[in-house]
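Asks: Build the full structure now, drawing on both the sequences and the hints.
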Amino acid sequence: MHSTVVRAQNVFGFFTTVAFAVAALIAFTDLITPRTPKANISMSKVEVVRGRPNYYSTKKEEYAVLRFNLNADFSSLMNWNTKQLFVYVSASWPNSTSSEHTNEAVIWDTIITSPSADHLQNIGPAAMKKLKKSAEGKTIDPSRGKINLKNQKAKYQITAPGGRLAEKNDVVLKVHYNIQPWVGVLTWTPQIEFGKWKMMKGGVSKLFNFPALKVKKAADTTSR
Numbered sequence: 001m002h003s004t005v006v007r008a009q010n011v012f013g014f015f016t017t018v019a020f021a022v023a024a025l026i027a028f029t030d031l032i033t034p035r036t037p038k039a040n041i042s043m044s045k046v047e048v049v050r051g052r053p054n055y056y057s058t059k060k061e062e063y064a065v066l067r068f069n070l071n072a073d074f075s076s077l078m079n080w081n082t083k084q085l086f087v088y089v090s091a092s093w094p095n096s097t098s099s100e101h102t103n104e105a106v107i108w109d110t111i112i113t114s115p116s117a118d119h120l121q122n123i124g125p126a127a128m129k130k131l132k133k134s135a136e137g138k139t140i141d142p143s144r145g146k147i148n149l150k151n152q153k154a155k156y157q158i159t160a161p162g163g164r165l166a167e168k169n170d171v172v173l174k175v176h177y178n179i180q181p182w183v184g185v186l187t188w189t190p191q192i193e194f195g196k197w198k199m200m201k202g203g204v205s206k207l208f209n210f211p212a213l214k215v216k217k218a219a220d221t222t223s224r
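Here the UniProt record's numbering is used: the first residue of the sequence shown is 1, the next is one more, and so on.
Hints were generated in silico from the structure; no laboratory data involved. Beta carbons: idealized from backbone N, C-alpha and C, even for Gly. Do not take every clue at face value.
[To be verified] Cβ pair distances, simulated, as ranges:
1) P115 with K60: 44 to 50 Å
2) P211 with H101: 19 to 25 Å
3) F12 with T36: 40 to 46 Å
Replies: This is the structure in structure tokens:
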């Protein structure tokens with residue numbers, strides 16, 4: 001009854017109980033920590049061309065090349081339980097065949113890590129040294145959660161299921177985020193306010209339209 005194995009099992013059981021209780025307490029602290037994200041996004045330039053949007057594309061189709069401006073403050077999301085923050089921008093527009101659905105495509109994304117998760121980033125030694133220096137003497141540098149982009153080119157091209165994208169109306173850009181904690185569940189951009197978790201202020205651009213297809217003008221070969 002008091003063998004070494006039984007005592008080891010009792011110690012291990014007590015340890016897991018305490019660890020679970022501490023983890024649950026840490027996860028609960030997220031609920032009482034204010035989240036007040038805000039973002040301002042606007043379209044800078046957009047054009048629609050015809051070609052192969054990716055090197056693996058098998059056929060030519062219409063795709064949009066877009067640039068945007070983004071000024072966001074997610075510093076309130078970077079607390080002691082935040083492992084990393086995934087931020088992405090999507091473009092959505094009405095579906096021409098169904099009024100109940102919309103087309104949506106991710107055009108840009110980035111990952112913001114906490115200081116203790118910097119080793120997860122796939123960046124060079126110089127960038128890593130600069131990143132670590134920004135957190136010296138601080139638990140989490142607030143500047144890590146801030147994004148300021150001007151005339152940023154989209155990482156991913158926008159295509160449509162039918163291959164036609166030109167002259168589509170009511171396009172809008174939206175900012176989204178996903179928080180990956182050290183302990184707890186993944187949380188996405190909230191659609192309603194929950195306690196001290198506020199909905200993101202802004203994060204939606206003004207409506208704009210995809211322009212007509214950009215076509216090269218044929219050379220004038222007529223003689224005068």
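Asks: Lying within 19 to 25 Å: is that true of the beta-carbon distance P211 to H101?
Replies: holds (24 Å)
Asks: Can you let me know if the beta-carbon spacing of P115 and K60 is within 44 to 50 Å?
Replies: holds (46 Å)
Asks: Does the beta carbon distance between F12 and T36 stay inside 40 to 46 Å, or does it fall outside?
Replies: The hinted range 40 to 46 Å holds for F12 and T36, with Cβ atoms some 42 Å apart.
Comparing the model with each earlier hint shows no violations; every hint is respected.
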